[in-house]
Amino acid sequence: MRPLARPLSFRESLLGYLTYLNRALKANFAYKASTFLGLFTSGLAYGTSVLIWSHVYGQKGVSIAMSRRAMFAYLALAFCLNYALSINIDQRVGQRIRLGLIATDLLKPLDFQLSQAMQALSDCLFNSFVGLTILAWVFYFLGGQILPKSPEALGLFIISLFLAFLVQYSIVFLFVQGAFYTYSGYGIFASRLALHQTFSGFSAPLTLYPPVLLSVGRWLPFQHVIYTPISIYLGNVEGAAALRLLGEQALWGLGLYGLGYFTMRKALGQLEIQGG
Amino acid sequence: MRDSLRIYWATFTASLQAKLEYKLDFVLGLLTSSMLQLAALGFLWVIFHQTSNLEGWSQVQVLFLFGLTAMSLGISELFFNHIWMVPYYIVMGDLDRLLVYPVPSLPFLLISRPELHSFGNLLTGLVLAAVSLLALHMPWWDWALVPLWVLSGGVIYMSALVVFCSLSFKFVGPYSYTLMIPHTLLQASRYPLGIYPGWVHYGLLVLLPYGAFNYLPAGWVFGKMVSPGCVLAAPLVAVFSAALAQAAWDWGLKQYQSTGS
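Order-wise, the sequence lines are chains E and Y.
Just so we're aligned: the first sequence equals residues 1 to 276 in this note's numbering.
Just so we're aligned: the second sequence equals residues 1001 to 1261 in this note's numbering.
FYI, nobody ran anything at the bench for these hints, they're computed from the structure.
Positions of the beta carbon are idealized from the N, C-alpha and C atoms, including for glycine.
Some hints here could point you the wrong way.
[Claimed, not checked] Stretch-level coverage of chain Y by chain E, calculated; a stretch enters the list once three of its residues show a Cβ under 8 Å from a Cβ in chain E:
hint: 1; stretch: 1035-1045
hint: 2; stretch: 1178-1188
[What the hints assert, rightly or not] Residues from chain E that face chain Y, not an exhaustive set, calculated with beta carbons under 7 Å:
hint: 3; residue: Gly-38
hint: 4; residue: His-55
hint: 5; residue: Tyr-57
hint: 6; residue: Ala-190
hint: 7; residue: Ser-191
hint: 8; residue: Gln-197
hint: 9; residue: Ala-204
hint: 10; residue: Thr-207
[What the hints assert, rightly or not] Short, incomplete list of chain E residues facing chain Y, as computed with Cβ under 10 Å:
hint: 11; residue: Ser-54
hint: 12; residue: Ser-63
hint: 13; residue: Ala-65
hint: 14; residue: Ser-67
hint: 15; residue: Gln-177
hint: 16; residue: Gly-178
hint: 17; residue: Thr-182
hint: 18; residue: Ser-184
hint: 19; residue: His-196
hint: 20; residue: Thr-198
With the sequences and hints as input, model every part of the structure.
This is the structure:
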């Protein structure tokens, strides 16, 4: 059987992927009310953590291995990073799989996983802009506490940020494969969210975790989405230790991306789409 | 009235049977809703790794708050979850179909889409509340009152969702983000309200009265509050909330314009 279209050149492919990125970015700008409400809701959840920690720090006789200001700086950075790395492909891809629209995606002469990554990247670029605006506002209250420890820390953080995106996207893509097997998307979304909330370090630095929870978290990739980049940014991890963490992030990211690729090939093998 | 109730029950059971056909979804729903509760418990564990109490509430006592809240959420997801689809129906004009049924639209809408993951929240909540009451050797009447508080909690939470959802008739959009506000605040109400600043504390007792079905009853159970009003607040607030939700829904329907196609 002859292919429907000739294979695309590298330049044509690149333009195709950039179109995905551009379109998704425009969509983000189009739904301003949704963006605002989503940000407000995330802020409420974050505000709850801040108020709880604030109460704990205010109690007499409590000794925590982290100052109050350092904790709030960590939480502010965690909120901004978590918001920046919010990826909406759970709903987008899950719905396309359930409705069978994925068939038209697969007809396109572009790699599905990579094209979704470009859309996810556009989500992150848009959210990063919002996250940076919030961070600038937080700077007013916390001052230098939320700045990177050194130019080297900032440089390593930027690399870590890209790797955090790779880890986050690969996790989301892997979980969304569940839509090939289930009718409701809730289970897929909720299970990933539960693991992310517990082990990413969103609500507290992992160093404050009870030993059992910490040892489980160390074996999972979620810490590399929030805790690892912030530890590098704040200079809590430096030199060879920081490079080792970047290596771990890269291994997790590439490993999960590859796993997502093979899982999708297997899932497509049993996909049935109704005609008509 | 009797005919309406019969229709509601038939709709509910038919929808539930249809959902139960997806067995993998049922198992996943049970597991994942329990996982979300455990994730919240993970944070609680981290907090209690640093402190021995939260405003005088021990970890086991806070578990009771978590349990009541999880069960109330489960009740709402089992009996009233369809409200989450309304913003989408408004955009698509699908609400027209609902309005031609010969029964009151709000109860019919609420009852017609039970969610399977509700069982996970009900089960996890039951375990948490039971662990707390057993560990603290609470008397039998505390156990007996739990269903009253949980049912009231389900109605209060549902009412909050309906009130926020009614805004979707005015501010049309396909997303349920407005409903995430009462949902997120429900998570905040799992902690003793006394740890929050006054405006949050009273906001969760009066404006979004979640405290009526978790904080006040738990305070009474553990002897932190003595007024019998703490026991009866939940059902009274539930009745008032339901009336308010119906009024908000009626107001919303007056704004509804369908899609013209």
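Now the hints, each set against the structure:
Evaluation of the coverage hint for the stretch 1035-1045 of chain Y: fulfilled, as 8 residues show C-beta separations to chain E shorter than 8 Å, against a requirement of three. As drawn, the stretch 1178-1188 of chain Y meets chain E at 7 residues by the rule of a beta-carbon pair under 8 Å; at three or more, the given contact holds. A cut of 7 Å between beta carbons decides the hint on E:Gly-38: the least distance to chain Y is about 6 Å, and the hint holds. For E:His-55, the shortest C-beta to C-beta distance to chain Y is roughly 4 Å, which falls under 7 Å, so the interface hint holds.
With a cut of 7 Å, the hint placing E:Tyr-57 at the interface with chain Y is violated, because the nearest CB-to-CB distance is about 9 Å. Hint on E:Ala-190 holds. Least Cβ distance to chain Y is approximately 4 Å, under the 7 Å limit. About 4 Å separates the beta-carbon of E:Ser-191 from the nearest beta-carbon of chain Y, less than 7 Å, and the hint is met. This hint holds: E:Gln-197 has a C-beta 4 Å from the nearest C-beta of chain Y, less than the 7 Å allowed.
The interface hint given for E:Ala-204 holds, since its Cβ lies 5 Å from the closest Cβ of chain Y, which is under the 7 Å cut-off. Because the beta carbon of E:Thr-207 sits about 11 Å from the nearest beta carbon in chain Y, more than 7 Å, this interface hint is broken. Evaluation of the E:Ser-54 hint against chain Y yields a held restraint, the C-beta minimum of about 9 Å falling below 10 Å. Because the smallest distance between the Cβ of E:Ser-63 and any Cβ of chain Y comes to about 8 Å, under 10 Å, the interface hint for this residue holds.
For E:Ala-65, the suggested interface contact is upheld, since its CB lies about 9 Å from the closest CB of chain Y, less than 10 Å. Nearest Cβ of chain Y to the Cβ of E:Ser-67: about 13 Å, over the 10 Å cut. The hint is violated. Checking E:Gln-177 against chain Y: minimum C-beta separation of about 13 Å lies over 10 Å; hint violated. Interface hint status for E:Gly-178: upheld, as the beta-carbon distance to the closest one in chain Y is roughly 8 Å, under 10 Å.
Taking 10 Å as the C-beta contact cut-off toward chain Y, the hint placing E:Thr-182 at the interface holds, the least distance being around 5 Å. Hint on E:Ser-184 holds. Least Cβ distance to chain Y is approximately 5 Å, under the 10 Å limit. A cut of 10 Å between beta carbons decides the hint on E:His-196: the least distance to chain Y is about 8 Å, and the hint holds. Using the Cβ-Cβ criterion of 10 Å, the hint placing E:Thr-198 at the interface with chain Y is satisfied: the shortest such distance is roughly 4 Å.
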